[in-house]
Amino acid sequence: MTATLLLQSALVGITNGFVYALVGLGIAVVFRGTRIINAMQGEFALIGGMVAYIALERAGASMPLALVGGVLAGGLLGLLVEMLLVRPTRRRGGSEESYLLLTLGIAFAISAAVLLLLGRDSHPLPGIGGDGSQIVFDAAIRVHALWLMLISAVGMVLLWFFYHRTRVGLSMTAASIDAEGASTIGINVSLMRTLTFLLGGLIGGLAGVLVGPLITVHYEMGLMLTLKGFAAAILGGLTNPFGAIVGGLTLGLVESLAVLTLSSGYKDVIAMTILIAIMILLPNGMLGRRGRRGG
Amino acid sequence: MGRSPGAGPLAWIAAAALLAAWAGAPLVASRSVVDILVFTGLYTIAGLGVTFLLGQCGIVSLAQSVFYGIGAYASAYCTTHYGWPAPAGFGAGMGVSALIALAVGWPVLRLSGYFLALATLALAIIGHVLFTEWDWLTGGTLGIGGIRALAPFGFQLNSPQRFYYFVWPIAGLLLWLHYNLLHSRTGFAMHAMRDAPAAAQVLGVDTHALKVKIFVLSAVLGALAGSLFAHYVTFVSVDSFGVDRAINFLLLAVLGGAKTIVGAVLGALFITVMPHVLSQFGDVHAVLFAVCLIAAVIFLPEGFGGALQRALRRTPAER
Numbered sequence: 002m003t004a005t006l007l008l009q010s011a012l013v014g015i016t017n018g019f020v021y022a023l024v025g026l027g028i029a030v031v032f033r034g035t036r037i038i039n040a041m042q043g044e045f046a047l048i049g050g051m052v053a054y055i056a057l058e059r060a061g062a063s064m065p066l067a068l069v070g071g072v073l074a075g076g077l078l079g080l081l082v083e084m085l086l087v088r089p090t091r092r093r094g095g096s097e098e099s100y101l102l103l104t105l106g107i108a109f110a111i112s113a114a115v116l117l118l119l120g121r122d123s124h125p126l127p128g129i130g131g132d133g134s135q136i137v138f139d140a141a142i143r144v145h146a147l148w149l150m151l152i153s154a155v156g157m158v159l160l161w162f163f164y165h166r167t168r169v170g171l172s173m174t175a176a177s178i179d180a181e182g183a184s185t186i187g188i189n190v191s192l193m194r195t196l197t198f199l200l201g202g203l204i205g206g207l208a209g210v211l212v213g214p215l216i217t218v219h220y221e222m223g224l225m226l227t228l229k230g231f232a233a234a235i236l237g238g239l240t241n242p243f244g245a246i247v248g249g250l251t252l253g254l255v256e257s258l259a260v261l262t263l264s265s266g267y268k269d270v271i272a273m274t275i276l277i278a279i280m281i282l283l284p285n286g287m288l289g290r291r292g293r294r295g296g
Numbered sequence: 119m120g121r122s123p124g125a126g127p128l129a130w131i132a133a134a135a136l137l138a139a140w141a142g143a144p145l146v147a148s149r150s151v152v153d154i155l156v157f158t159g160l161y162t163i164a165g166l167g168v169t170f171l172l173g174q175c176g177i178v179s180l181a182q183s184v185f186y187g188i189g190a191y192a193s194a195y196c197t198t199h200y201g202w203p204a205p206a207g208f209g210a211g212m213g214v215s216a217l218i219a220l221a222v223g224w225p226v227l228r229l230s231g232y233f234l235a236l237a238t239l240a241l242a243i244i245g246h247v248l249f250t251e252w253d254w255l256t257g258g259t260l261g262i263g264g265i266r267a268l269a270p271f272g273f274q275l276n277s278p279q280r281f282y283y284f285v286w287p288i289a290g291l292l293l294w295l296h297y298n299l300l301h302s303r304t305g306f307a308m309h310a311m312r313d314a315p316a317a318a319q320v321l322g323v324d325t326h327a328l329k330v331k332i333f334v335l336s337a338v339l340g341a342l343a344g345s346l347f348a349h350y351v352t353f354v355s356v357d358s359f360g361v362d363r364a365i366n367f368l369l370l371a372v373l374g375g376a377k378t379i380v381g382a383v384l385g386a387l388f389i390t391v392m393p394h395v396l397s398q399f400g401d402v403h404a405v406l407f408a409v410c411l412i413a414a415v416i417f418l419p420e421g422f423g424g425a426l427q428r429a430l431r432r433t434p435a436e437r
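Residue numbers (my numbering), protein chains in the order written: chain W, 2 to 296; chain H, 119 to 437.
Incorrect hints may appear among the rest.
As the list claims (entries may be wrong) - Residues from chain W that face chain H, not an exhaustive set, calculated with beta carbons under 7 Å:
1. P89
2. A110
3. I152
4. I178
5. D179
6. A183
7. D269
What the hints contain is simulated information worked out from the structure, not anything from laboratory work. For glycine and all other residues, C-beta sits at the position ideal for the given N, C-alpha and C.
Build out the structure end to end from the sequences listed, making use of the hints.
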């Protein structure tokens with residue numbers, strides 16, 4: 002095994018890791034704000050990718066506009082899902098299972114709707130900054146992958162500021178830690194839950210427009226993204242959105258380095274085995290923060 | 119629970135009518151409809167395992183497709199490759215499933231709630247990848263063909279009608295055993311574990327061992343259904359054992375009503391008949407199916423079985 006090959010795999014792993022981190026970040030944000038495991042986080046990415054694709058290829062929009070459109074579409078979907086479906090379920094006293102099944106059902110519906118709209122074909126999105134590559138110490142990395150890392154990193158920093166420095170972000174945290182207490186000091190808890198889904202949708206949409214050029218937009222892409230995102234979020238401890246970043250990068254790296262020694266078909270087996278092992282052995286994630294279940 | 123609702127003459131007439139409808143269905147229905155009803159029977163058996171785990175132990179299992187696959191491949195491989203008789207294939211499938219369920223269930227069932235659900239989903243993915251990669255055993259995407267039809271006592275079960283009269287009595291028998299188990303000492307221990315885990319432990323119920331036992335039982339049911347499936351369609355490939363199948367089995371349990379006995383049947387009817395009914399609307403049928411599903415989750419949290427039970431219980435009171 003040469004050093005170049007190792008570096009090449011590491012670069013692929015980090016690129017994938019950022020994608021897993023973004024999806025995991027969305028799952029962690031939604032879980033932190035609503036205590037719901039969102040099994041349709043990957044579908045936010047699907048819708049984001051699809052809208053960007055339609056805007057670029059069919060409506061002839063410019064690249065930045067298409068990207069923003071994709072991100073906003075994810076957010077809008079999050080908003081609609083919360084107001085039209087999650088809220089009625091909550092009113093009827095939803096249990097953990099019913100939210101899981103509800104979001105799974107929505108994931109099916111969206112996947113089926115995209116199949117109807119776009120058909121069975123894969124639709125590649127053009128990469129940001131063209132489809133060229135950059136050479137890093139003999140190893141090649143796509144220019145798009147560099148943009149992906151940069152944009153995700155900026156998004157993550159912005160999210161940190163949102164949670165720690167803005168009134169809405171702090172209110173969201175308060176509402177999730179102690180709903181009753183938050184409402185006594187005038188925080189609209191139900192609005193915060195809606196905003197949580199909006200935020201989760203925006204992050205999912207961003208993941209979609211960024212991953213589109215790598216894995217193409219395809220009606221079945223959502224479920225696997227969701228699962229890898231789960232693995233990332235759980236590695237990071239689930240309630241800590243920024244743990245998902247560490248989790249995603251770890252997962253991406255381990256996956257791509259493991260492929261060097263095993264057949265590439267086993268990539269998902271490795272990722273899923275890690276997921277199960279971490280849940281059993283490190284119940285609070287790698288960062289060891291307490292309270293996977295609590296605030 | 120326990121008291122069968124309204125056990126008057128009306129109930130007997132209803133039961134007799136149901137039985138007549140069941141027995142007469144293959145005589146009047148078209149071949150494709152009977153084919154669907156055979157699948158309803160197969161899914162009832164596999165889904166019963168999931169229903170049991172969810173309704174009696176509160177365990178969300180998305181791994182049933184793995185055991186369904188193991189059963190199907192065991193039957194396919196043993197009968198075509200080794201030329202073993204069919205019962206040996208059934209035995210191999212159920213045996214291997216039980217062992218894997220024991221080995222995997224022991225550590226994984228320490229988890230609970232969402233995390234257990236995710237772990238079982240991860241198992242379903244691992245299973246599907248291994249079914250694809252181990253093509254020396256499973257034939258990969260090409261699959262294994264030429265599996266003989268079952269022939270109990272020399273009677274060839276080579277048409278949907280014949281298989282229908284074979285699979286449903288098995289399903290019925292399993293439902294009856296399920297009912298008996300629920301009303302046994304173990305059944306009460308399971309209820310206690312589901313509703314008050316701490317109290318059950320104090321009373322000396324080894325909850326972890328009990329969960330593992332039920333998980334193994336559920337896996338055996340999945341393998342049995344898988345073996346029957348392999349002999350029915352005579353061809354198996356990885357497409358039948360994907361994550362979507364696992365999700366279908368869970369939906370079956372939830373939609374049917376995991377806490378009721380008839381839930382598995384009602385859920386299986388929904389997931390097999392509904393897509394067929396909706397397919398006349400053309401390409402949107404998948405969307406419509408998912409919408410039905412969302413509606414059922416929101417409006418019938420107890421499932422069809424729960425709704426039916428409530429309706430039956432209400433009728434005598436209104437008289």
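For each hint, the structure was consulted:
no.: 1; hint: P89; in the structure: holds (5 Å)
no.: 2; hint: A110; in the structure: holds (4 Å)
no.: 3; hint: I152; in the structure: violated (28 Å)
no.: 4; hint: I178; in the structure: violated (19 Å)
no.: 5; hint: D179; in the structure: violated (21 Å)
no.: 6; hint: A183; in the structure: violated (23 Å)
no.: 7; hint: D269; in the structure: holds (5 Å)
Hints 3, 4, 5, 6 from the earlier list are contradicted by this structure; the remaining hints agree with it.
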